[in-house]
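K.L.:
Each protein sequence line maps, in turn, to chains A and B.
In terms of numbering that gives the first Met the number 0, the first sequence opens at residue 0 and continues consecutively.
In terms of numbering that gives the first Met the number 0, the second sequence opens at residue 0 and continues consecutively.
Hints are computed from structural coordinates only; laboratory data are not their basis.
There's no promise every hint is true.
Treat identical chains as interchangeable: a pair holds within one or across any two.
As the list claims (entries may be wrong) - Here are the simulated DSS-like cross-link-like pairs (lysine-lysine), alpha carbons at most 25 Å apart as the crow flies:
(1) Lys194 <-> Lys461
(2) Lys315 <-> Lys57
(3) Lys57 <-> Lys325
(4) Lys461 <-> Lys236
(5) Lys334 <-> Lys372
(6) Lys325 <-> Lys302
(7) Lys372 <-> Lys315
(8) Lys372 <-> Lys352
(9) Lys219 <-> Lys441
(10) Lys352 <-> Lys219
(11) Lys300 <-> Lys236
(12) Lys236 <-> Lys76
Each chain is listed here by its residues.
2 protein chains.
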Amino acid sequence: MSVQALTSRSEDFSKWYNDLVQRADLADYAPVRGCMIIKPYGYSLWENIREQLDRRFKDTGHQNAYFPLFIPESFLKKEAEHVEGFSPELAVVTIGGGEELQERLVVRPTSETVIGYSFANWIQSYRDLPLLINQWANVVRWEMRTRLFLRTMEFLWQEGHTAHATHDEAQAETMQMLGAYADFAINEAAIPVIKGRKSNQEKFAGALRSYTIEAMMGDKRALQSGTSHNLGQNFAKAFDIKFTDLNNELQHCWTTSWGLSTRIIGAIIMVHGDDQGLRLPPRLAPIQTVIVPIFKTDEEKSKVFEAVSAVQAEFKAAGIRFHVDKREGMTPGFKYNDWEMRGVPIRIEIGPKDVEKNSVALARRDIPGKAGKQFIPRDGLVEVVKRTLDEIQANMLKQATEFRDANIHEVDDDYEKFKQIVAEAWASAWFCGSAECEAKIKADNQAVSRCFPLEQTPGDGKCIACGQPATERALFARAY
Amino acid sequence: MSVQALTSRSEDFSKWYNDLVQRADLADYAPVRGCMIIKPYGYSLWENIREQLDRRFKDTGHQNAYFPLFIPESFLKKEAEHVEGFSPELAVVTIGGGEELQERLVVRPTSETVIGYSFANWIQSYRDLPLLINQWANVVRWEMRTRLFLRTMEFLWQEGHTAHATHDEAQAETMQMLGAYADFAINEAAIPVIKGRKSNQEKFAGALRSYTIEAMMGDKRALQSGTSHNLGQNFAKAFDIKFTDLNNELQHCWTTSWGLSTRIIGAIIMVHGDDQGLRLPPRLAPIQTVIVPIFKTDEEKSKVFEAVSAVQAEFKAAGIRFHVDKREGMTPGFKYNDWEMRGVPIRIEIGPKDVEKNSVALARRDIPGKAGKQFIPRDGLVEVVKRTLDEIQANMLKQATEFRDANIHEVDDDYEKFKQIVAEAWASAWFCGSAECEAKIKADNQAVSRCFPLEQTPGDGKCIACGQPATERALFARAY
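Same shape as in the complex, but just chain A (with noise of 0.2 Å):
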């Protein structure tokens, strides 16, 4: 028995990307069209990133709130843009307890709509401001061309949902949060991700302005990560969000939203993915540690298994997330590569030897082969896997830090260049950020603005599709 090689990331990315997701056991598809089944490991692995957003939330003085699954279609209705953008996704529930409803309802592709009828409810005063409110659901757009993790029917993600007084409260939260998702993706998941403007183009359907944080993939397609909007006063009109200010004037609110969702476990996959497997950051492994015990007679199984349970207490002690294999019937061998499918960063092994000079073998997921491998010491072993794991969360920063700079290229003024870059890379370009320039280069590339990167030296150039003046570079490539 052996654990059956990927298909190659150099052949047929793709085709890496779906076979690995279901060889580690992360998800498979369900027998509704673009529905997903999220595993075990993969939920673990929801849970944890779920836990780490969590935290940043509250920390932030956020507190969540659940809103109900079906919106009345007349709701979409209310904000123009809105319902132009989702009705093309819509799931509509036109049957409930055996009869036709009279209202159909819409499952919530996201829930502005229904948030904001919630929030002319409770918002009365300034004293009532800001409201900072966020959503754990799961959503549904009705999707053509579906992937695991990437595009599926339904999704899980959390919606935050905020109000406030003045445009620029609402503003400075739009930026809280999108810097929130960026340090969750940099120090947590160990993406490099850009933040950035959306152009007017591929902002949300009823937003002001829309922020995102981008992520190149292994491919050097760019990932839409996660999304910040400012919706100024659109919603709180459609929706009649007023409060009373301290002048005792009716004022409408200025509202933010912003979501991120189990899509960020694609990005994951891969931006750190190998040809061997998964590779996962270790503050958010399910498991960090998998320790497997090897042995040949009944004697050393029962001298391997002592010493694997004193490693075990002293794991469980530090709060180290682990697992021991003890499945029987496979190889070592199998088990080794089955645990890189699975991207667990650390693997020890514990054999009869190891136990006689009182030693563990180390083995790294982030250096692949020998040079990834050492004998180290039994005493101060927990010292040894937590200095490990945290230098394997710097490194796959770093690896993935210089793979994002060594494929983004500035070009000025030669579109033929440019369109050399964006056919396999990212394009830091001036532009003029004008539908007709967007749609020239979409045309000719299959590739948008990604982005308009908040951090940019101050300076203008020309338009790299039409050759007018710009005062902002952005960002192209081809994107998920």
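Given chain A, put chain B in place with the hints provided.
P.N.:
Then chain B, alone, in the frame of chain A:
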């Protein structure tokens, strides 16, 4: 400004409940009939419930996963009793992406079918068993008469689904999880539930045997607070969940399912609440201790706030969930009533005199009026608060247990007396368990058998309805 008094429980229990849910800021009605908005305070309570249950599931080897919201209509029909039980309650999606669907999709009312489909794919051999899965999810059942938390069209719950090699293992799992629910209810929610087996008439649609934890509400009605089902091989046969056993023979699995929902919040309200509002068990309370600073002048304010800051720091370090009520323009008395309405177990008042005397006032929610209020030294406050929280938890369980025991009456051979008892309390009576007797009792009393309690003195008697021999007592009550 004063807190409006609640309708008293004795005057109109039902109105008391409805008012309280909204006045305590737990939940509100949604724009879609029968759906619920869980507000931050109610959701925080649910988060604590979830955490305590999830810990128990994981400690017993279960893993979380996520299965799709939508189920093909044909799946429901594979298990005959199941489809009969759930058909009248379904919400059905007939339109997706603007087009009529070829196969209509049911919004899950429960997930035995879609999880059964997955289990059939996941399980090959006895090595894959037991398979122990749990899901946290929303489900939809089209209900005509709805009440917040107790019966809503959409609700949140967890549903456990497991597969085993033998009947006995499935039965042991069913009982283990019933035990986990009872342990949670008693030790976290302070609700003295009774474990029992459902009659054939009252069991889950498709189950071999259903078990329940039954709780007595403040109006002496019963509330089914969690259920655990041994599904036998019914779903395994319907979904072809098979494994090869040690002798290499193909066998159908034995499966279980078990669920507990946001309904438990209704139980907490109705078991513990009083005419002043909610009373939350300390172990689940979102806020265990509220601190109300009292002052008139700015000088007093600054002294008091300094003292409050020091208390905050100590509470935070000790892991006490607390809130400081700094709202302006409200009297202390208003705040006291408001926090009593929200059921916070301990209130601490700190005023200028307390600062001088190095003391604080501490008021217990479970002991009304002056009897529950004492002045205690500032030093050692954390210890007193911790001990008091434990005392309140124990006292609430004691009160609820005494109330329950005072309202369960044994009755033998006297159907008229049985009718009188069931009209206002619970009756414990010999019961043959037949559909005819169940129907007669229901027609005469608007009450059904709640369960055959697991703990009962062996013996026999005459069925309270038909007079034929019976070997078990059942509990009868009107129910939510």
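K.L.:
At most 25 Å between CA atoms: does that hold for Lys461 and Lys236 within a copy, between copies, both, or neither?
P.N.:
neither (38 Å within a copy, 69 Å between copies)
K.L.:
Using 25 Å as the alpha-carbon threshold, which applies to Lys57 and Lys325: within, between, both, or neither?
P.N.:
Close across copies (19 Å), not inside one copy (39 Å); limit 25 Å.
K.L.:
Quick one: Lys236 to Lys76, C-alpha cut-off 25 Å, is that within a copy, between copies, both, or neither?
P.N.:
within (13 Å within a copy, 46 Å between copies)
K.L.:
Reference check for the pair Lys219 and Lys441, CA-CA at most 25 Å: within, between, both, or neither?
P.N.:
within (17 Å within a copy, 68 Å between copies)
K.L.:
First find the shortest C-alpha distance between Lys334 and Lys372 inside one copy, then the shortest across copies, and answer within, between, both or neither for a cut-off of 25 Å.
P.N.:
Intra 16 Å, inter 62 Å, cutoff 25 Å: intra-copy only.
K.L.:
At most 25 Å between CA atoms: does that hold for Lys372 and Lys315 within a copy, between copies, both, or neither?
P.N.:
within (23 Å within a copy, 43 Å between copies)
K.L.:
Please sort Lys352 with Lys219 into within, between, both or neither, judging by C-alpha distance up to 25 Å.
P.N.:
Neither, since 45 Å and 67 Å both go past 25 Å.
K.L.:
Is it within a copy, between copies, both, or neither that the alpha carbon of Lys372 lies no farther than 25 Å from that of Lys352?
P.N.:
Only inside one copy: Lys372 and Lys352 sit 16 Å apart there, 66 Å across copies, limit 25 Å.
K.L.:
Treating 25 Å as the Cα threshold, decide for Lys325 and Lys302: within, between, both or neither.
P.N.:
Within. Shortest intra-copy distance 14 Å satisfies the 25 Å Cα cut-off; inter-copy 61 Å does not.
K.L.:
What label fits Lys194 with Lys461 when the C-alpha limit is 25 Å: within, between, both, or neither?
P.N.:
within (23 Å within a copy, 75 Å between copies)
K.L.:
From the Cα coordinates, with 25 Å as the cut-off, is the pair Lys315 and Lys57 best called within, between, both, or neither?
P.N.:
between (27 Å within a copy, 15 Å between copies)
K.L.:
Up to 25 Å between alpha-carbons, please classify Lys300 paired with Lys236: within, between, both or neither.
P.N.:
neither (70 Å within a copy, 40 Å between copies)
Violated hints, in rising order: 4, 10, 11; the structure is consistent with all others.
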